[in-house]
Amino acid sequence: MSTVRRVLERLPLHLAVIGLCLIWLLPTVGLLVSSFRPKDAVFATGWWTVFRFPLDFSQFRLDNYIQVLTAQGLGRAFLNSLTIVIPSTVIPITIAAFAGYAFAWMNFPGRQVLFVIVVGLLVVPLQMTLIPLLRIYNRVGFSGTFLGIWLAHTGYGLPFAVYLLRNFFGSLPKDLFEAAYLDGASPLTAFTRLALPLSVPSLASLAIFQFIWVWNDLLVALIYLGGTEKVAPLTLRLSAMVQSLGQDWHLLTAAAFVSMAVPLLVFFTLQRYFVRGILAGSVKG
Amino acid sequence: MSDWLSQVLATLAAILLGVAGIAGLFLGLDSLVGLLPQRLQPRVRPWAYIGPALLILGFYLVYPTLNTLYLSFLDARSERFVGLQNYLWTLTSPEMHVAFRNNLLWIVLMTTFSVGLGLIIAVLVDRVRYEPIAKSVIFLPVAISFVGASVIWRFVYAYKPANVPQIGLLNAAIVALGGRPIGWLVDTAVNNFALIAVGVWLQTGFCMVILSAALKAIPREILEAARVDGASEWRIFWQITVPMISSTIAVVATTVVINALKAFDIVFVMTNGTRGTEVIANRMYKEMFSFLNFGRASAIAVILLLAIVPVMAANIRRFQAQEEMR
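Listed in order, the protein sequences are those of chains H and Z.
Each residue of the first sequence is one higher than the one before, starting from 234 at the first, in our numbering.
Each residue of the second sequence is one higher than the one before, starting from 358 at the first, in our numbering.
Only chain H is shown next, with the shape it has when bound in the complex (with noise of 0.2 Å):
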């Protein structure tokens, strides 16, 4: 008897929280089925009808998938966005880990109000930079190359990162890197071969993190990539879709569903460095 009421009394709680799920969960599957289905059914009827006959597997194809890969130039695309995600991850890790370094272990003049310069540059809107870097970059012949927006991903990514490595390497313990001395390690060996190993669950949230920042990005690849088509990354693509094909939802959906594929998988398979990254930038201590 007493189960049964408190099963009862906690049945509004779980519809509440499967509810909310529901909703969130929603349209994201509207546009997976969608993306498998003939150009005729998605435009005729809605999505949620073919769980009338679940099993019937007739209804589901790929036909939109190879035509956007191919014919609509998704598979160049993909290509771009690794292109320009894997450098744009590597290359400001890279000087933020030692920067950090440098400003939580070494003595230099001017130190803290570097640092603190930084912290403010955190929040600086991107809009802020485009103009007078867009001048340069059309002047040097760097817009439209990916060096140009690895380049450009680096300086947008590098507060947050310096920031919270340095904030990392600060936290080991001093008498770690007196013993290395010691026992004659270069600064560069202590870095290398006991900071960067130390941390390196830190590395691997802002890596993941700078990640999907840089895949998911659309506006810096606008502005510093334009409208170049051989170097357009899955995000530029996906929007002139939009615009150009906007009511042809068969298609749309499968570009779409193209473009979240490696955030999806980064997330489901790293999801608690992903976490632990989002953590750590916000919330002190």
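Hints may be right or wrong, so weigh each one.
[Said to hold, decoys possible] Which residues of chain Z face chain H? A few of them, derived with a C-beta cut under 8 Å, are:
| id | residue |
| --- | --- |
| 1 | 371 |
| 2 | 403 |
| 3 | 413 |
| 4 | 417 |
| 5 | 424 |
| 6 | 425 |
| 7 | 444 |
| 8 | 445 |
| 9 | 446 |
| 10 | 503 |
| 11 | 505 |
| 12 | 523 |
| 13 | 558 |
| 14 | 619 |
| 15 | 638 |
| 16 | 648 |
[Said to hold, decoys possible] Take a look, some chain Z residues computed to stay more than 10 Å from chain H by CB distance:
| id | residue |
| --- | --- |
| 17 | 365 |
| 18 | 393 |
| 19 | 410 |
| 20 | 432 |
| 21 | 441 |
| 22 | 442 |
| 23 | 450 |
| 24 | 451 |
| 25 | 466 |
| 26 | 470 |
| 27 | 473 |
| 28 | 654 |
Hints in this document: simulated from the structure, not taken from any laboratory.
Idealized CB from N, CA, C, for every residue including glycine.
Following the hints, put chain Z in place on chain H, whose structure we already have.
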């Protein structure tokens, strides 16, 4: 096929070049410092380590910010000094008024709903056994790009005339309940709310994860003691939970406010600011690329920065207070 192969090879080469380049830079710098006399090394090495970071920050953030400030006082083609004219236009033109009103709407609604829902969900899932799964579901959109989310939601909002079957989830639900389909993105009474809802869907997971971590840090004994004393769950929530995590709530809310202020991708992709949905950042993009008015675009960017300065100051103060406690 060979075309594909050459593309893949070019991709690999570009990636290798970028990654090897940065590693080589630092190894080179460090061995250069090693060539100096022993005595000088400790004084020079820090600059070799932070030098690249300072150069990049200076070039990509500090210099452009100052330059934009300067450009905002010049005319459209940055040739003539026009005083405060761009700011006057920014603050008085009807287009910008719509943008300011909408950004205010974004700030108030997106912050309230993302933080509010994030907190409610964090409290609710704390009490069920399938918490990790529920949290993953709510958190999932954080990994999706704004462009991807825009496609997802344009499809949810899809509109068809009343006499044919609806293919958009929302209008199908309304028709099933006996209502008339609504053009969510074109009807000026609802389109801003429809856009902000996408923002809430994307940001709630971020708020929930951080608030949930703060909730778990509240000592269980305090909550148990209150329950033993007969306090209702409602009262515990408002008088113990909320005050104890108020600093985290403030941090999360500030982050969402900044995101709302800079809202761009969703509006750009879903409506491009048509039918009264313009926002500041999208307007700036238009001034910059469609009208090539660099003076006005710069003035808009400066206004965005000014709105964020208090947050920047608070950030620095919080950091300095933290340092003193170390």
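Consistency of the no-contact label for residue 441(Z), given chain H and a CB cut of 10 Å:
holds, 18 Å
Was the hint right that residue 445(Z) lines chain H, CB cutoff 8 Å?
violated, 19 Å
Does residue 446(Z) pass the interface check with chain H, least Cβ-Cβ distance below 8 Å?
violated, 16 Å
Verify that the Cβ of residue 451(Z) lies farther than 10 Å from every Cβ atom of chain H, and report whether the claim holds or is violated.
holds, 21 Å
Please check whether residue 424(Z) passes as an interface residue: C-beta within 8 Å of a C-beta belonging to chain H.
holds, 4 Å
The hint names residue 425(Z) as touching chain H; please verify it with the least Cβ-Cβ distance against 8 Å.
holds, 5 Å
Since residue 450(Z) was said not to touch the interface, does its Cβ keep a gap of more than 10 Å from each Cβ of chain H?
At about 18 Å from chain H, residue 450(Z) clears the 10 Å cut-off, so the statement holds.
Closest C-beta approach of residue 638(Z) to chain H relative to 8 Å, hint status:
Holds: closest Cβ of chain H sits about 6 Å from residue 638(Z), inside 8 Å.
Is the Cβ of residue 442(Z) more than 10 Å away from each Cβ in chain H?
Per Cβ check, residue 442(Z) is outside 10 Å of chain H; nearest 17 Å; holds.
Checking a non-interface call: every C-beta of chain H should be farther than 10 Å from the C-beta of residue 473(Z). Is that right?
Answer for residue 473(Z): holds, closest chain H Cβ roughly 12 Å.
When the nearest CB of chain H is found for residue 403(Z), is that gap smaller than 8 Å?
For residue 403(Z), the interface hint holds, since the closest Cβ of chain H sits about 4 Å away, which is under 8 Å.
Could you check if residue 413(Z) really has its C-beta closer than 8 Å to a C-beta on chain H?
Holds: closest Cβ of chain H sits about 5 Å from residue 413(Z), inside 8 Å.
In summary, the structure is inconsistent with hints 7, 8, 9, 16, 17, 19, 28 from the numbered list given earlier, while agreeing with the others.
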